[in-house]
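6 protein chains.
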Amino acid sequence: MKMSHVDDAGRARMVDVGEKPDTQRAATARGRVVMQPDTLALIQAGGVPKGDVLAVAHVAGVMAAKRTHELIPMCHPLLLTHIHVAFEPRPPAAEGELAAVEITATVRCSGRTGVEMEALTAVAVAGLTIYDMCKAVDRGMRLEAVRLVRKSGGKSGEWVGE
Amino acid sequence: MKMSHVDDAGRARMVDVGEKPDTQRAATARGRVVMQPDTLALIQAGGVPKGDVLAVAHVAGVMAAKRTHELIPMCHPLLLTHIHVAFEPRPPAAEGELAAVEITATVRCSGRTGVEMEALTAVAVAGLTIYDMCKAVDRGMRLEAVRLVRKSGGKSGEWVGE
Amino acid sequence: MKMSHVDDAGRARMVDVGEKPDTQRAATARGRVVMQPDTLALIQAGGVPKGDVLAVAHVAGVMAAKRTHELIPMCHPLLLTHIHVAFEPRPPAAEGELAAVEITATVRCSGRTGVEMEALTAVAVAGLTIYDMCKAVDRGMRLEAVRLVRKSGGKSGEWVGE
Amino acid sequence: MKMSHVDDAGRARMVDVGEKPDTQRAATARGRVVMQPDTLALIQAGGVPKGDVLAVAHVAGVMAAKRTHELIPMCHPLLLTHIHVAFEPRPPAAEGELAAVEITATVRCSGRTGVEMEALTAVAVAGLTIYDMCKAVDRGMRLEAVRLVRKSGGKSGEWVGE
Amino acid sequence: MKMSHVDDAGRARMVDVGEKPDTQRAATARGRVVMQPDTLALIQAGGVPKGDVLAVAHVAGVMAAKRTHELIPMCHPLLLTHIHVAFEPRPPAAEGELAAVEITATVRCSGRTGVEMEALTAVAVAGLTIYDMCKAVDRGMRLEAVRLVRKSGGKSGEWVGE
Amino acid sequence: MKMSHVDDAGRARMVDVGEKPDTQRAATARGRVVMQPDTLALIQAGGVPKGDVLAVAHVAGVMAAKRTHELIPMCHPLLLTHIHVAFEPRPPAAEGELAAVEITATVRCSGRTGVEMEALTAVAVAGLTIYDMCKAVDRGMRLEAVRLVRKSGGKSGEWVGE
Chain E
1 MKMSHVDDAG RARMVDVGEK PDTQRAATAR GRVVMQPDTL ALIQAGGVPK GDVLAVAHVA
61 GVMAAKRTHE LIPMCHPLLL THIHVAFEPR PPAAEGELAA VEITATVRCS GRTGVEMEAL
121 TAVAVAGLTI YDMCKAVDRG MRLEAVRLVR KSGGKSGEWV GE
Chain L
163 MKMSHVDDAG RARMVDVGEK PDTQRAATAR GRVVMQPDTL ALIQAGGVPK GDVLAVAHVA
223 GVMAAKRTHE LIPMCHPLLL THIHVAFEPR PPAAEGELAA VEITATVRCS GRTGVEMEAL
283 TAVAVAGLTI YDMCKAVDRG MRLEAVRLVR KSGGKSGEWV GE
Chain Y
325 MKMSHVDDAG RARMVDVGEK PDTQRAATAR GRVVMQPDTL ALIQAGGVPK GDVLAVAHVA
385 GVMAAKRTHE LIPMCHPLLL THIHVAFEPR PPAAEGELAA VEITATVRCS GRTGVEMEAL
445 TAVAVAGLTI YDMCKAVDRG MRLEAVRLVR KSGGKSGEWV GE
Chain F
487 MKMSHVDDAG RARMVDVGEK PDTQRAATAR GRVVMQPDTL ALIQAGGVPK GDVLAVAHVA
547 GVMAAKRTHE LIPMCHPLLL THIHVAFEPR PPAAEGELAA VEITATVRCS GRTGVEMEAL
607 TAVAVAGLTI YDMCKAVDRG MRLEAVRLVR KSGGKSGEWV GE
Chain S
649 MKMSHVDDAG RARMVDVGEK PDTQRAATAR GRVVMQPDTL ALIQAGGVPK GDVLAVAHVA
709 GVMAAKRTHE LIPMCHPLLL THIHVAFEPR PPAAEGELAA VEITATVRCS GRTGVEMEAL
769 TAVAVAGLTI YDMCKAVDRG MRLEAVRLVR KSGGKSGEWV GE
Chain X
811 MKMSHVDDAG RARMVDVGEK PDTQRAATAR GRVVMQPDTL ALIQAGGVPK GDVLAVAHVA
871 GVMAAKRTHE LIPMCHPLLL THIHVAFEPR PPAAEGELAA VEITATVRCS GRTGVEMEAL
931 TAVAVAGLTI YDMCKAVDRG MRLEAVRLVR KSGGKSGEWV GE
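Chains as they are written, first to last, in this note's numbering: chain E, 1 to 162; chain L, 163 to 324; chain Y, 325 to 486; chain F, 487 to 648; chain S, 649 to 810; chain X, 811 to 972.
Be a bit skeptical, because a hint or two may be false.
Unchecked claim - Derived pair list, reagent style PhoX-like, types lysine-lysine, alpha-carbon separation capped at 25 Å:
id	chain 1	residue 1	chain 2	residue 2
1	X	K830	S	K698
2	E	K155	F	K536
3	X	K830	X	K945
4	E	K135	F	K641
5	Y	K459	L	K212
6	L	K317	L	K212
7	Y	K344	L	K212
8	E	K50	F	K506
9	X	K965	S	K783
10	E	K20	E	K155
11	F	K641	Y	K344
12	F	K536	F	K621
13	Y	K459	L	K182
In short, the hints are calculated from the structure, not lab data.
Predicted model only: the values in this text are computed from it and were never measured.
Extracted from the complex, chain E is given alone in its bound form (with noise of 0.2 Å):
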């Protein structure tokens, strides 16, 4: 019944974090662009015709995530103070499996609320890119797991994931 969208019930809201005490954030996520083994390959040889993939991606992610409260709506603004973005090669476990490229971001700020998202976004669009500097040579690729490994501050406290 569409009538409740007119009074407050329901309503989305970005949480009031006013009262919550300024404390050192950080959050690692992680995920994995999995893709074919000659993908991989190419990119670590510097072969594809689009350029450097990983040096793109990398870029792609650390402003990214500086933007993160302008992609998701209830996201409060934060003074990132740290963001690093790593890649790692996963080359197939064994004949005719897949390879991957594993992503890594680790943000950090003080503030009053956490940085997981701005983790996530900074992993999933430098997935995106390799995506995008790959996708003429293997429009198969998928984003898998992207996930919140860790968080540490705030309340909350520490968290780790797998």
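With chain E fixed as given, assemble chains L, Y, F, S and X onto it according to the hints.
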């Protein structure tokens, strides 16, 4: 005389707030989109072809508040800690009168300058979004009475308008 | 009932304009910032401490028109070919009445959808900028009567409002 | 050896599409946010404290599609003519398994290059928004299987994935 | 006299290009960052602590070209079809002289107005990025000779500078 | 060798400033747009067809400073507390020489990292805007000598250039 632009007289400035202390700031703005009674009925019934008008207008208002300093040239960037946008239907007071949706936005931050512009921008963009979502059925809608109704914090302290 | 959100009913959509032909589109919107007579006098005399109010509001309106599709969620991106923003002072009609600055924005493009939202956004952001530049001297200003006054082009052709 | 960066080899490029004809382009991407069954139940019941999760995720996905060329460095700007984002709940297939929300985004434009990245970006940002809205109750959610499922238009014509 | 701002005289305008035909446009701009010979050596050796200077500057230049109309108030939005940014090291011509990195950006589009500003913006932002990456080791760097060197397309046709 | 991109060596980083204390930071940058003497005369007379050149360049410079971290990949977001952009005409020193407009930008903030890039960005974008506004009459203009002239605050303290 254009030479006046070459010296400093009359040039706009982004006021220096570096010496002001960080205080808790809040501002509430209000405005309304005036429309045909049938348009309001359609919004309330969820019958607007473009979709759930107020859900979209709500997100638009929250996101616009975060971008105020990109839109209003002399506005300072601020770390907003809370944004709340709410809508109230205003059926026509009497036969032959117009209906309206009243929009109220409250913004808070801890900073050196007030958040009036953020609250006003949230109201204006939420209102324009209502226009956009309904314009196929009611091109004569108007955004009226966008105004500050309350602010607190900072040297000038509490201010209450109508 | 929230389940309605899970199917497609009621979900907002960015209307498909892919089949529409490119035509010359134009739209004019208007609105006004209502203020104390002294505030208008100060604007006209160039005495507002923050600087040349209308020069800044003008640039803000033009730049905001170009960002309309970033602000209004279901708006299409468009290649605007022309943006014009103009201001007219409205001294009080009689003693004891308020003054105003009338804002008129005209936008044109060649495209598949109209530019009403771009013209309305230019008016609203120019008006908010006037508020920002003058708020230290007149916190009670209001943005009133933001409306479409004329559009042309597209299937619906010419439309003229008040 | 860093000197390779100083000549042109290996430098990324935004491919020249100036000679390609304008054709109707479409792309559909898909992905899913994997979550605890209770989290899905909460989303469906409208009980997530931050608000109506899918309404917000929907708007976020649409708006992100329009900003793809700002996020993905070598993407061309495009005049999108249609964006559609839809969600389907996936209750756990068996006891002890996880639930998911499946996200599908379709984007169309008339242009010189495809809209795969726009569809993928809409899915990723809608998925991250679901994470953000629900992270207080389920920090272990994952964004999985973000992939292109169909594209049409352009020289390479129709492509269908899984 | 400020009254001149209230009428139309002197107000900036975004020129109406609606009547111009779409033609192939290209522009090349150039500039250089002048620096200590040791700074250039460090860039070439990949020894700058902040990372691979030219890879980052390259991406920054490409991305900035796409945002030119957001930065330069009276610039029209354009659908760029190609952006290319290249760097050339300029070792000192003689002992005691400064070194430089020469930046060249070429931009193309099919549109109603030229792409000079996009090429110039790419050069300027790439140059500022070089400054940012190296400023910890050489704060005295300068961005010099940012200029248009060639344009083609449009009514004014080919133009070649130095 | 491209493998170097897969490990961490050479990857750009956004330096971690989380341990640095908040201090008052200021930076002043300067640059000039070199032009035909007739072009300067036209700017000063308000005779440039596109409008009041310096009023528009001024707003562009202020707004660009606020977006520096979106343009320069490894720049931290900062809460600028003050931005000032000023212009001085430089008539030709002798017959046959060129004229210029000198641009000076000062930026302040309280934060953990300096505001050099914000001041330099304001100068560059103000200069590019002058080019844009006047390019119809003088395509050979150049942006020259964009440089830091003074900074204060932070561990490195006061720095004064030429």
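Here is how each hint holds up against the structure:
Restraint check: the Cα-Cα separation between K830 of chain X and K698 of chain S comes to about 17 Å, which is no more than 25 Å; the hinted pair holds. Distance hint between K155 of chain E and K536 of chain F is fulfilled; the C-alpha atoms sit about 18 Å from each other, no more than 25 Å. At most 25 Å may separate the alpha-carbon atoms for a hinted pair to count; K830 of chain X and K945 of chain X exceed this at roughly 44 Å. At most 25 Å may separate the alpha-carbon atoms for a hinted pair to count; K135 of chain E and K641 of chain F meet this at roughly 14 Å.
With a CA separation close to 36 Å, the supplied pair K459 of chain Y and K212 of chain L exceeds the 25 Å bound. For the suggested pair K317 of chain L and K212 of chain L, the alpha carbons sit about 45 Å apart, so the restraint of at most 25 Å is broken. For the suggested pair K344 of chain Y and K212 of chain L, the alpha carbons sit about 17 Å apart, so the restraint of at most 25 Å is met. Proximity of K50 of chain E to K506 of chain F is assessed by CA-CA distance (about 17 Å); at most 25 Å being required, the pair is judged to hold.
Restraint check for K965 of chain X and K783 of chain S: satisfied, since their Cα atoms lie roughly 14 Å apart, inside the 25 Å limit. Our distance criterion of 25 Å between C-alpha atoms is met by K20 of chain E and K155 of chain E, whose separation comes to about 9 Å. Taken as a hint, the K641 of chain F and K344 of chain Y pair is honoured in the structure, with Cα atoms around 23 Å apart against an allowance of 25 Å. As the CA atoms of K536 of chain F and K621 of chain F are separated by approximately 10 Å, the hinted pair is consistent with the 25 Å bound.
Our distance criterion of 25 Å between C-alpha atoms is met by K459 of chain Y and K182 of chain L, whose separation comes to about 18 Å.
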